[in-house]
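S.K.: Listed below, chain by chain, are the residues.
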Amino acid sequence: MSLSLPAHDWYKPPEGAEKLWIGLALLWCFVLSLMMPYWHFRGKQNSRGEAYAVTPAAFQQRTEAFVAANKVGERDGMPVVEPAPGGDAYLTARMWAWYPILKLRQGETYRVHLSSLDLQHGFSLQPLNMNFQVLPGYDHVLTLTPTSKGVFTIVCNEFCGIGHEAMIGKIIVE
Amino acid sequence: MASSATLPDPVSASLSARGASARRCDTTGLGVCLTAQQFIKLNAVAAVVFLLFGGIAAILLALTRWQAVHLLRVDWFYRILTFHGLNMLIFWILFFEVAILYFACTVPLNSRLFSRKVAWLSFGMMLAGAVMTNVVILQGKADVLMTSYLPLLAHPLFYLGIILVAVGTLVGVFNFFATLYIARRDGTYEGSVPLVTFGATAAAIIAVVTLLHGAIVMIPTFTFSMGWTAQPDPMWYRMIWWGLGHQSQQVNVCAMVSVWYLIGQLATGARPVNETVCRGAFVLYILFINLASAHHLLVDPGVGASWKIWNTSYAMYLAVLASMIHGFTVPASVEMAMRAKGHGRGLFGWVGALPWRNPAFSAVALSVAIFGFVGGITGVTLGTQQINIIAHNTLRITGHFHATVVGGTTLAFMGLAYYVIPLMFRRDFIWRRAARIQPWLFGGGILLVSFGMSFAGSLGVARRVYDIERAGIYGPAAHLFLGVMGVGAIIAVVGLLLFVALCVGTLLFGARTSGRPMADWGVAEAVQGAPGEALYSDHWAMKGTIVLTGVFLACFAIYYFANWKALADVWHVR
Ligand code: HEM
Ligand SMILES: [Cu+2]
Ligand SMILES: [Cu+2]
Chain W
1 MSLSLPAHDW YKPPEGAEKL WIGLALLWCF VLSLMMPYWH FRGKQNSRGE AYAVTPAAFQ
61 QRTEAFVAAN KVGERDGMPV VEPAPGGDAY LTARMWAWYP ILKLRQGETY RVHLSSLDLQ
121 HGFSLQPLNM NFQVLPGYDH VLTLTPTSKG VFTIVCNEFC GIGHEAMIGK IIVE
Chain X
175 MASSATLPDP VSASLSARGA SARRCDTTGL GVCLTAQQFI KLNAVAAVVF LLFGGIAAIL
235 LALTRWQAVH LLRVDWFYRI LTFHGLNMLI FWILFFEVAI LYFACTVPLN SRLFSRKVAW
295 LSFGMMLAGA VMTNVVILQG KADVLMTSYL PLLAHPLFYL GIILVAVGTL VGVFNFFATL
355 YIARRDGTYE GSVPLVTFGA TAAAIIAVVT LLHGAIVMIP TFTFSMGWTA QPDPMWYRMI
415 WWGLGHQSQQ VNVCAMVSVW YLIGQLATGA RPVNETVCRG AFVLYILFIN LASAHHLLVD
475 PGVGASWKIW NTSYAMYLAV LASMIHGFTV PASVEMAMRA KGHGRGLFGW VGALPWRNPA
535 FSAVALSVAI FGFVGGITGV TLGTQQINII AHNTLRITGH FHATVVGGTT LAFMGLAYYV
595 IPLMFRRDFI WRRAARIQPW LFGGGILLVS FGMSFAGSLG VARRVYDIER AGIYGPAAHL
655 FLGVMGVGAI IAVVGLLLFV ALCVGTLLFG ARTSGRPMAD WGVAEAVQGA PGEALYSDHW
715 AMKGTIVLTG VFLACFAIYY FANWKALADV WHVR
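Sequence lines, in order, name chains W and X. For the first sequence, the numbering used here begins at 1 and goes up steadily by one. For the second sequence, the numbering used here begins at 175 and goes up steadily by one.
Since the hints were made in silico from the structure, they are not lab data. Even glycine gets a Cβ: it sits at the ideal position worked out from N, Cα and C. Among the hints, a few may not be true.
[Claimed, not checked] Partial list, computed: chain X residues near chain W (C-beta under 10 Å):
1. Y363
2. G365
3. F372
4. V447
5. G478
6. L495
7. I647
8. F730
9. F735
[As the list claims (entries may be wrong)] Result set (PhoX-like, lysine-lysine): computed pairs, CA atoms no more than 20 Å apart in a straight line:
10. X:K215 - X:K291
11. W:K19 - X:K717
12. W:K149 - W:K103
13. W:K44 - X:K739
14. W:K71 - W:K170
15. W:K103 - W:K170
Bound-form chain W, shown alone (with noise of 0.2 Å):
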């Protein structure tokens, strides 16, 4: 009984079909466990967490520079720049816009740093639906290969202050 005592006795092994499902459950976890360090070498979409530290002033120096010698065009007033394949692309988040837009190839890999000028925000691409932490103090490093074609938006979803909502970006991939 739960509420009352146990009997003196109440320890003894687990028999008949509770064992069994100890067993299967057992099984299921050791499943669920292997497939994460399975999926780490053998599959394509991995967050190693890869960052460094820097202050949110040099991380906005090196955005500028990414731009100035990157710049391929201009939409809503926004610069669009087109990274080297395989080589850096940096994506500021600040209260609230992500700076520049990207402009990426398909199939090809880029090294895209993330960071933050000010508060937390999330780099969430759409449709997609891929999603990424972005703090300040941290250049989140994400070795990026696009697979499809189009115009991609970027939604902050971590709060960020009352215009949060109008958080919206832009990757364009050709």
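Starting from the known structure of chain W, arrange chain X with the ligands on it as the hints suggest.
M.R.: Positioned in the frame of chain W, the structure of chain X with the ligands alone reads:
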């Protein structure tokens, strides 16, 4: 009263502990320490008040996120979101848990509560803290959401209020442990503690670890907000905050599972098929949950892949094992009790004979189903290191935890209230018909909320965002699911308001039960020629549960691998 038939012989009403005033329960025959009773009442009433606050906030939020309605102004949306998260997840749950702890360490052990003064101190601190936090939020000085991620900064009193609540709860937990100590010292019971007390002890142990994390993260944030110290690192803040935020969910799970066992006994006479297994599962929670804050940081910078994988699986999957064990033992114990009472036809003949008219029972049955099939499966899947990439901070997360902490814990606690009020306040419920449908309204509504949120989240709709039109990318399907969430929210909130009305109405107008047993909600009755005790020697007799858990495992596997498949379709990222 039929439920007393499932309890052992009445014990002496004078508690064995020295100097306690007590009464004998007219329903169960158990001794009830009057001090404990007083604080069970106080904490439960406070809990229900905060539940009401949170419920009013809930409907405002849902009707704002339902884009077709879009009720609140932007600043009030985030203010009310902060308010909802704290009043529900922290205040309602913690006050109710303190009430459960005070119950679990006194009544089943036939003990008195350790200290009345300590209980007042705990209650006073918690109440002062909760009121302080709520006032600051509603004044608009803490629009930082429940998590208050640095560098967002709220008014210092916001943090101070939370610290008071956390420390007040710790003081209450101390009272619990001290009561366990004096009960053992004074020999108020013999042998091992009952399972409910054991589960509550597991909850209390995890609560200590959890609340210490809370203090570690909130105190430097408070001193920073006062301008006394430098700003703590935002990543450090996230890691320690989730040591509080996640582990406290394990406290909720322990408390909820204890309630499952308790109501299972009261309504059907269920008893654990194997005490060792049930207790062992609680021990797994204590041992293996401590690193699970990791799965809130799965797409964060600064913590590496091996840290993420190790802490997700090591900490989580043995705790998952524990939940899967309870997910078997709870229905199995009920099924065995029903079969022993002679409801043994076929695989599921016993299901129809369950006391569905008993709101405590139906609340717990729904709680088990929603927690297991929706909350549990989505939780493990979304908390898988790589799958989190396609779920983090979307409404999928909110959909998941409204199935665990709302459809699971909150609903189980509501079920418990259907016994707490008659047994502790000694008044019979008013509107008993309405009470019988209340769990179905709340549970059904929250299930729709959870589905709506989860599917909208799968379409990329973010959590915690005021207006999705600004992105200009969400189609009719996303809006449809937000509508499902909105309709579900209306039903759930009606269920919640009904619950509050039933509780308050009963406290004011319910018929007094002093001197007689509480009015029976309905319990499972034995039929002629029932196999009784003999059934328990058959370790395969719970055939229905075996089938149900098999279906559960199949659903789990399908959902889990479908998510890996979905992940495989997105861009490559390392
Ligand atoms: C009456 C039923 C309820 C409804 C309809 C409801 C609805 C909602 C909605 C619409 C949101 C906002 C989602 C977003 O925009 O991100 C939300 C957030 C939340 N709810 Fe509930 N809720 C209910 C009950 C509860 C209960 C009982 C709890 C806890 C015990 C709870 C815990 C939370 C938490 C922790 C959040 C997240 C707050 C944040 O993101 O900061 N809810 N709920
Ligand atoms: Cu943002
Ligand atoms: Cu934001």
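S.K.: Each of the hints needs a verdict: does it hold here or not?
M.R.: Here is how each hint holds up against the structure:
no.	hint	verdict
1	Y363	holds (6 Å)
2	G365	holds (5 Å)
3	F372	holds (9 Å)
4	V447	holds (6 Å)
5	G478	holds (5 Å)
6	L495	holds (5 Å)
7	I647	holds (5 Å)
8	F730	holds (7 Å)
9	F735	holds (9 Å)
10	X:K215 - X:K291	holds (16 Å)
11	W:K19 - X:K717	holds (14 Å)
12	W:K149 - W:K103	holds (11 Å)
13	W:K44 - X:K739	holds (12 Å)
14	W:K71 - W:K170	holds (15 Å)
15	W:K103 - W:K170	holds (9 Å)
When the structure is compared with the earlier hints, no violation turns up for any of them.
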